[in-house]
Amino acid sequence: MTHNPKVQQLTLLLEKHHTYRETCLNLIASENTPSPLVEELFDERLARRYGNYSGTDIYQRNYKGNRYIVEIEGYTQELAKELFGAAYVDFRPLSGNISGIGTTFALAKPGDTALEVHNGHHYAEKLLSSPLKVELRSIPIPWDGWRSNIDLDETLALIAEYKPRIINVGSGVFLFPQPVRELKEAMREANPDSYLIYDASHVIGLIAGKRFQSPFEEGADVIISSTHKTLAGPQGGMILTNDASIAERVAKGLYPLLMSNHHLNRLPALAGTFIEWMECGEAQADAIVENAKALGQALAERGVPILGADLGFTESHTLILIVDKYGDGGALATHLEACHIIAGAAGLSPDVGKSGLRMGVQEVTRWGMTPADAPDIAECIVDALSGGNPEELKPKVAKVAQRFDAIQFTVD
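No gaps in the numbering here: position 82 of the sequence shown is 81 in numbering that gives the first Met the number 0, and each next residue is one more.
Keep in mind that the hints are not guaranteed to be accurate.
Listed next, the in silico DMTMM-like pairs over lysine to aspartate or glutamate satisfying Cα-Cα at most 25 Å (straight line) [claimed, not checked]:
#: 1; residue 1: Lys15; residue 2: Glu38
#: 2; residue 1: Lys209; residue 2: Glu30
#: 3; residue 1: Lys398; residue 2: Asp372
#: 4; residue 1: Lys162; residue 2: Asp143
#: 5; residue 1: Lys162; residue 2: Glu77
#: 6; residue 1: Lys251; residue 2: Glu278
#: 7; residue 1: Lys108; residue 2: Glu184
#: 8; residue 1: Lys251; residue 2: Glu134
#: 9; residue 1: Lys80; residue 2: Asp111
#: 10; residue 1: Lys395; residue 2: Glu30
#: 11; residue 1: Lys80; residue 2: Asp411
#: 12; residue 1: Lys395; residue 2: Glu21
#: 13; residue 1: Lys324; residue 2: Asp143
#: 14; residue 1: Lys209; residue 2: Glu289
#: 15; residue 1: Lys183; residue 2: Glu216
#: 16; residue 1: Lys80; residue 2: Glu390
#: 17; residue 1: Lys108; residue 2: Asp143
#: 18; residue 1: Lys398; residue 2: Glu378
#: 19; residue 1: Lys209; residue 2: Asp309
#: 20; residue 1: Lys162; residue 2: Asp152
#: 21; residue 1: Lys353; residue 2: Asp143
#: 22; residue 1: Lys398; residue 2: Glu21
#: 23; residue 1: Lys353; residue 2: Glu314
#: 24; residue 1: Lys251; residue 2: Asp111
#: 25; residue 1: Lys324; residue 2: Glu378
#: 26; residue 1: Lys209; residue 2: Glu184
#: 27; residue 1: Lys183; residue 2: Glu153
#: 28; residue 1: Lys183; residue 2: Asp242
#: 29; residue 1: Lys108; residue 2: Glu160
#: 30; residue 1: Lys324; residue 2: Glu336
#: 31; residue 1: Lys395; residue 2: Glu300
#: 32; residue 1: Lys15; residue 2: Glu30
#: 33; residue 1: Lys251; residue 2: Glu70
#: 34; residue 1: Lys209; residue 2: Glu278
#: 35; residue 1: Lys162; residue 2: Glu247
#: 36; residue 1: Lys183; residue 2: Glu160
#: 37; residue 1: Lys353; residue 2: Asp372
By construction, these hints were calculated from the structure, which means they are not laboratory data. On a predicted model such as this, the values are computed, not experimentally measured, just so you know.
With the hints as extra help, turn the sequences into a complete structure.
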């Protein structure tokens, strides 16, 4: 071990972080833990290399020395195509956000209108608010707050009125499948030259596990996603489609404007992630949803209002707690963190409430949570929401968290 004090300080900080998180209940809806297999396949040596290419032909590399890297990328693409039923896949985006911005930018034309779920995933709006001179119009998709879903009748009226080029669905608060089939049918009638982009970043693992809706079968033109939330792969983005012209346009939108080299070190790990989902994905997806529903029920039984309670709380990994009676969502998230419960504040529709918390069970499920653990997790959450002393609660939380000590749903 090095005796350099600066390196020792860095090593100490890393050790402190890992030790700290081992005593926490991580309920962040956008995080997860890869399996040992996936971590082993994350190859830093590939990060030293450049794999740039233009268009959709991954074999036409701009740099030499890629003969095996391109085979790795091609194999990873084939696995993704098989898993998600896609003809074309692009791994160049470094995040789900870049996937969405790049796809929206590529498929829209100056002066076009986009209807978007304005819940963290409104990509035309992000382009409009940037320094780029982008001529787009972004209109929020009407939202049914209590059902945590698109208000279909109002949205269909907007489609008929504005004839949008783009509809972006998906959400950072993704509790239930969204009405893709109905939206796409209305789009075909109002504007045949239009595109429905489905942001699956939060639910892509549940789609892989056949536990959520199937966007392509329901009419989505493009699926954009991150690769680390419910999927539990390395962080990054991907774009999937069955339309060659869309794949070409998106490729031109990504490179060279948004992307150059695309972090090749994550590709083998991503391939390993896809193999895991092929082998045991349905069981993992079932466990995630079952645990989310169990935790929602346990919280409701302890007096915590939960969005969508009359609909079974959720059909995904996520729960939304309505926490007005406890205080401000941001302040409560900070207090929960002090108690070693990691969650995040969530915005609510005004008709629902003022303050929310977003929680996801995908990581604790990955580590072995079952519905039998839900009451104890709920007790910790309620104690913290009720103003419990962090110093008294941290040992209680750690005792529950340390039950979850072995990664589930992996392959040898």
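Here is what the structure says about each hint:
1. Lys15 x Glu38: holds, 20 Å
2. Lys209 x Glu30: holds, 20 Å
3. Lys398 x Asp372: holds, 12 Å
4. Lys162 x Asp143: holds, 22 Å
5. Lys162 x Glu77: violated, 35 Å
6. Lys251 x Glu278: Violated. Lys251 to Glu278 sits at ~34 Å, over the 25 Å cutoff.
7. Lys108 x Glu184: Roughly 22 Å separates the two Cα atoms, so the pair holds.
8. Lys251 x Glu134: holds, 19 Å
9. Lys80 x Asp111: violated, 30 Å
10. Lys395 x Glu30: holds, 23 Å
11. Lys80 x Asp411: Roughly 23 Å between the alpha carbons, so the hint for Lys80 and Asp411 holds.
12. Lys395 x Glu21: Holds, because 13 Å separates the two Cα atoms, which is no more than 25 Å.
13. Lys324 x Asp143: holds, 22 Å
14. Lys209 x Glu289: With a Cα-Cα distance of about 14 Å, the restraint between Lys209 and Glu289 holds, given a limit of 25 Å.
15. Lys183 x Glu216: holds, 11 Å
16. Lys80 x Glu390: Cα-Cα ~49 Å, so violated.
17. Lys108 x Asp143: violated, 29 Å
18. Lys398 x Glu378: holds, 12 Å
19. Lys209 x Asp309: Status holds; Cα separation ~24 Å.
20. Lys162 x Asp152: Measuring from Cα to Cα gives roughly 15 Å; hence the hint holds.
21. Lys353 x Asp143: holds, 15 Å
22. Lys398 x Glu21: Holds, because 10 Å separates the two Cα atoms, which is no more than 25 Å.
23. Lys353 x Glu314: Roughly 23 Å separates the two Cα atoms, so the pair holds.
24. Lys251 x Asp111: holds, 19 Å
25. Lys324 x Glu378: holds, 17 Å
26. Lys209 x Glu184: holds, 23 Å
27. Lys183 x Glu153: holds, 15 Å
28. Lys183 x Asp242: holds, 15 Å
29. Lys108 x Glu160: holds, 18 Å
30. Lys324 x Glu336: holds, 19 Å
31. Lys395 x Glu300: Judged against 25 Å, a Cα distance of about 20 Å means the pair holds.
32. Lys15 x Glu30: Holds, because 19 Å separates the two Cα atoms, which is no more than 25 Å.
33. Lys251 x Glu70: holds, 22 Å
34. Lys209 x Glu278: holds, 13 Å
35. Lys162 x Glu247: Cα-Cα ~24 Å, so holds.
36. Lys183 x Glu160: Distance ~15 Å between Lys183 and Glu160 Cα, so the pair holds.
37. Lys353 x Asp372: Not satisfied, since the Cα-Cα distance of roughly 29 Å exceeds 25 Å.
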